[in-house]
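Engineer: Sequence:
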Amino acid sequence: MFVYGWVHLAGFDLPLQEVKNFRKLHSKTPGHPEFGETVGVEATTGPLGQGTGNIVGMAVAAKMAAAHFNTAEHKIFNHLVIGLAGDGCLQEGISHEAASFAGRFGLDNLIMLYDSNDVTLDAMASKTQNEDTAKRYEAANWEVFTVKQGNELAPIAEALAKARASKNGKPKLIICKTVIGKGIAEVQGTSKGHGEAGVKFVDASRQALGLPAEKFYVSPETRAFFNARKAQQAAAHAEWQQTYAAWAKANPAKATLLAKAQQGDHGDVQSLLTAIPEFGKNALATRVSGETCINAVAKASPLVLSGSADLHGSTKNYLKDVGDFDVATPGGRNLYFGIREHGMGAILNGMAYHGVFKGSGATFLTFSDYLRPSIRIAALAKLQTFYIFTHDSVGVGEDGPTHQPVETVSALRCIPNLDVVRPGDAEETAAAFAHAVARKDGPVALILSRQNVPSLDAIPVATRRQGTLKGGYVLRQETAPLTHIIIGTGSELSLALAAGEELGAGVRVVSMPSMEVFARQPKAYQEEVLPAACTKRISVEAGVTISWGRYVGTAGKAIGTDTFGLSAPGEVVMKELGITKDAVVAAAKAL
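With the numbering used here, letter number 55 in the sequence shown gets 55, and the count goes up by one each step, no holes.
To be clear, the hints were calculated from the coordinates, so they are not data collected in a lab. Given the structure is predicted, the values throughout are model-derived calculations rather than measurements. Treat the hints loosely; a few may be bogus.
To be verified - The calculated label-pair distances, taken between Cβ atoms and stated as ranges, are:
(1) Asp-457 <-> Leu-80: 48 to 58 Å
(2) Thr-256 <-> Gly-506: 34 to 44 Å
(3) Gly-323 <-> Pro-481: 53 to 63 Å
(4) Phe-12 <-> Gly-264: 13 to 23 Å
(5) Arg-550 <-> Asp-310: 35 to 45 Å
The C-beta atom is built at its ideal place from N, Cα and C for all residues, glycine as well.
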């Protein structure tokens with residue numbers, strides 16, 4: 001409600017009636033602000049701590065945008081990023097990751113206002129914390145200001161002015177010591193002020209404060225202040241527009257690139273796919289072929305960024321010849337997130353909210369759960385970001401079950417609007433990366449293997465690439481009346497193909513790299529690939545089998561593992577768990 005009130009008063013197209021419709025069905029004011037649902041809302045918030053990473057991502061993007069687009073004559077990017085946080089936000093572990101990253105990379109264009117009222121929902125904050133927040137942030141290389149009278153505007157304005165003027169290369173934290181529920185004597189300064197306990201005292205409090213009884217009352221003086229402020233901002237924007245126009249005239253190529261990026265256009269999928277060379281017959285891990293793919297698409301799409309949670313050498317997503325983002329090199333396109341997976345996810349979201357760059361982040365698939373809340377928000381907010389999750393199954397081998405993500409692919413598939421793509425060879429990987437960069441309405445998770453997988457070179461390159469863009473396609477066409485369909489993904493696709501060859505002419509093999517993309521295809525295409533009349537279906541994927549029921553049905557069989565893995569060489573683990581060509585053949589014969 002705080003945000004919606006500000007958005008309305010600031011002059012955005014959010015009528016007062018919509019503010020009154022708070023939390024009602026199909027209103028523009030949902031229970032927690034949602035990006036894309038309400039004009040003026042810059043980020044989807046609600047899950048505590050996410051915003052502390054989002055503002056860091058926005059500040060990174062602002063630094064990068066200035067480096068990529070500003071010229072000596074025209075500075076079109078010079079803005080600050082200001083965020084608001086509370087006690088709950090700073091208790092969340094993600095806030096530590098975000099603060100550490102911001103301090104290390106000198107994000108002096110970032111100011112965070114901390115509403116420190118010492119109250120959480122269950123009890124006073126002292127029940128669960130006793131650290132010195134100022135020292136914590138100073139230790140992370142932030143400059144800290146404290147406002148003792150946080151319920152007063154003038155001291156906050158003074159602190160903001162000091163923070164803006166400070167030029168020491170550090171992000172800024174302004175700790176505002178406030179009293180929650182101030183003005184409602186029955187709840188102020190207590191945890192009761194955090195919820196609905198004060199509602200019944202509101203009318204009496206209005207009277208005590210000298211306010212009218214009218215609900216949603218806005219005084220003429222307040223309206224006048226905001227109208228004057230709106231005029232000031234309009235004048236500043238008009239001045240900036242003149243700078244932008246001069247810059248665009250002098251730099252037409254940059255202007256075109258920026259305009260496309262702000263429309264979410266980072267390249268046409270077919271053009272991106274053409275930019276990736278064909279791979280030939282060599283067996284390659286899909287993470288290795290992914291290295292070629294991401295470098296090719298990043299060359300074709302110059303605002304693509306790549307980061308890793310301290311695993312560039314393993315995830316193979318380092319961009320060559322474009323530098324690393326750092327204090328002295330803000331235009332670098334590689335991001336070193338450190339071992340901060342959750343922070344990485346929220347920072348990537350912040351960069352996507354900023355609206356210029358196409359960010360990506362990488363880690364081992366088993367650690368994707370560390371950033372799952374940020375992935376969920378990216379999907380909900382329809383953000384343009386993508387993830388590179390490698391070491392994708394029990395095929396990881398000797399590292400054992402702690403590093404073998406048997407349940408994770410299916411868990412990611414449960415997130416609405418997240419495209420999960422698990423390619424089966426290098427050419428499918430090429431299409432997966434092209435799709436990840438081109439997608440405009442949500443995030444993409446690329447699931448890549450540690451171990452080598454055969455090139456399916458008996459199948460034309462175009463068939464594999466274009467089929468992957470449809471989420472699923474016929475890899476091996478039957479040459480006799482159809483009896484069985486075998487469906488495979490990733491490193492098990494070659495097992496499916498080998499089993500199909502052994503079973504004979506009536507067996508079709510389907511590659512299903514992305515269930516989500518396949519489900520968006522026309523029903524006629526889905527029926528063409530998976531005809532309903534054929535109920536003898538077998539899936540093979542080195543993970544839990546729960547997500548395969550919709551495609552194999554009750555008459556079919558899902559080959560996988562519904563237990564954790566084992567520590568042994570990958571091929572030994574696969575055999576022990578029954579994820580083999582022979583198991584697929586036996587299952588087909590048993591149907």
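Engineer: Each hint should be assessed against the structure and marked as holding or not.
Structural biologist: Verification of the supplied hints:
no., hint, in the structure
1, Asp-457 <-> Leu-80: 48 to 58 Å, "holds, 53 Å"
2, Thr-256 <-> Gly-506: 34 to 44 Å, "violated, 53 Å"
3, Gly-323 <-> Pro-481: 53 to 63 Å, "holds, 58 Å"
4, Phe-12 <-> Gly-264: 13 to 23 Å, "holds, 21 Å"
5, Arg-550 <-> Asp-310: 35 to 45 Å, "holds, 37 Å"
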